[in-house]
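Chains as they are written, first to last, in this note's numbering: chain Y, 27 to 145; chain U, 1310 to 1420.
Hints may be right or wrong, so weigh each one.
Straight-line alpha carbon distances no greater than 30 Å define the calculated DSBU-like cross-link-like pairs of lysine-lysine that follow [said to hold, decoys possible]:
# : chain 1 : residue 1 : chain 2 : residue 2
1 : Y       : 83        : Y       : 97
2 : U       : 1407      : Y       : 96
3 : U       : 1417      : Y       : 35
4 : Y       : 97        : U       : 1407
5 : U       : 1361      : U       : 1417
6 : U       : 1361      : Y       : 40
7 : Y       : 35        : U       : 1361
8 : Y       : 83        : U       : 1417
Derived, one-sided and incomplete: chain Y residues facing chain U with beta-carbon distance under 8 Å [claimed, not checked]:
#  : residue
9  : 68
10 : 69
11 : 101
12 : 103
13 : 104
14 : 108
15 : 116
16 : 121
17 : 134
18 : 137
19 : 138
20 : 145
Don't read these hints as lab results, they were simulated from the structure. Note that this is a predicted model, so its numbers are computed, not measured. Glycine residues also receive a C-beta, built at the ideal position from the N, C-alpha and C atoms.
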Amino acid sequence: NAGVTQTPKFRVLKTGQSMTLLCAQDMNHEYMYWYRQDPGMGLRLIHYSVGEGTTAKGEVPDGYNVSRLKKQNFLLGLESAAPSQTSVYFCASSYAPGLAGILAKNIQYFGAGTRLSVL
Amino acid sequence: DAKTTQPPSMDCAEGRAANLPCNHSTISGNEYVYWYRQIHSQGPQYIIHGLKNNETNEMASLIITEDRKSSTLILPHATLRDTAVYYCIVRVASGTYKYIFGTGTRLKVLA
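Please build the complete structure, drawing on both the sequences and the hints.
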């Protein structure tokens, strides 16, 4: 059982380049999230998805786009990378909040992260 | 979601109990307290959560005060592998979907 898998683990970009980060989960979770973490800070939510084909903005969405074409995958795109986007990116997934029983716990499961440097 | 306040850092001797406090004085009645930890900049790992009763699992215990304005995460026998940043988060268990991470408490377990 792999849980949440992020690819790539590391990437170096030049300013203006584009790239896509992939998050895959095998737990049949409805909700998926993308966070960024800057040095010495907690995680900040970029975008999230409450189901296949749906996405929404989080706390710091500018400069990023996302897509959720398949339930198990959540992609984060940088169209024109900037040095300010140098960060560690984490993906997470969870059951939909509010369901009865164990699913109501709304525990988020995180991937190992992608370290991105933009020069 | 209520905000939380945690001390920035704590030390604990190996084998002793680590008690990590969290203040959440503005918590509302339907908000749960969640604890996560992050080891060596890996992805955060869920530890425990609770609403108003004390909770215990294989990793830790969670003590919530009767007025629910503060809580304490207890690692009963800390090991070097428990060295991590611990985050206390409060949020409703249904309806919303976002965690608000603060800067957490950096716990260092000393040999």
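Hints, verified against the model:
1. 83/Y - 97/Y: holds (18 Å)
2. 1407/U - 96/Y: holds (21 Å)
3. 1417/U - 35/Y: With Cα atoms ~26 Å apart, residue 1417/U and residue 35/Y stay inside 30 Å; holds.
4. 97/Y - 1407/U: Roughly 19 Å separates the two Cα atoms, so the pair holds.
5. 1361/U - 1417/U: holds (28 Å)
6. 1361/U - 40/Y: Judged against 30 Å, a Cα distance of about 50 Å means the pair is violated.
7. 35/Y - 1361/U: At roughly 39 Å apart (the allowed maximum being 30 Å), residue 1361/U and residue 35/Y break the hint.
8. 83/Y - 1417/U: Not satisfied, since the Cα-Cα distance of roughly 35 Å exceeds 30 Å.
9. 68: Holds. Min distance 3 Å.
10. 69: Holds: closest Cβ of chain U sits about 4 Å from residue 69/Y, inside 8 Å.
11. 101: violated (18 Å)
12. 103: violated (20 Å)
13. 104: violated (20 Å)
14. 108: violated (22 Å)
15. 116: holds (5 Å)
16. 121: violated (11 Å)
17. 134: Status holds, d = 7 Å.
18. 137: Given a least distance of 5 Å, the restraint on residue 137/Y holds.
19. 138: holds (5 Å)
20. 145: violated (21 Å)
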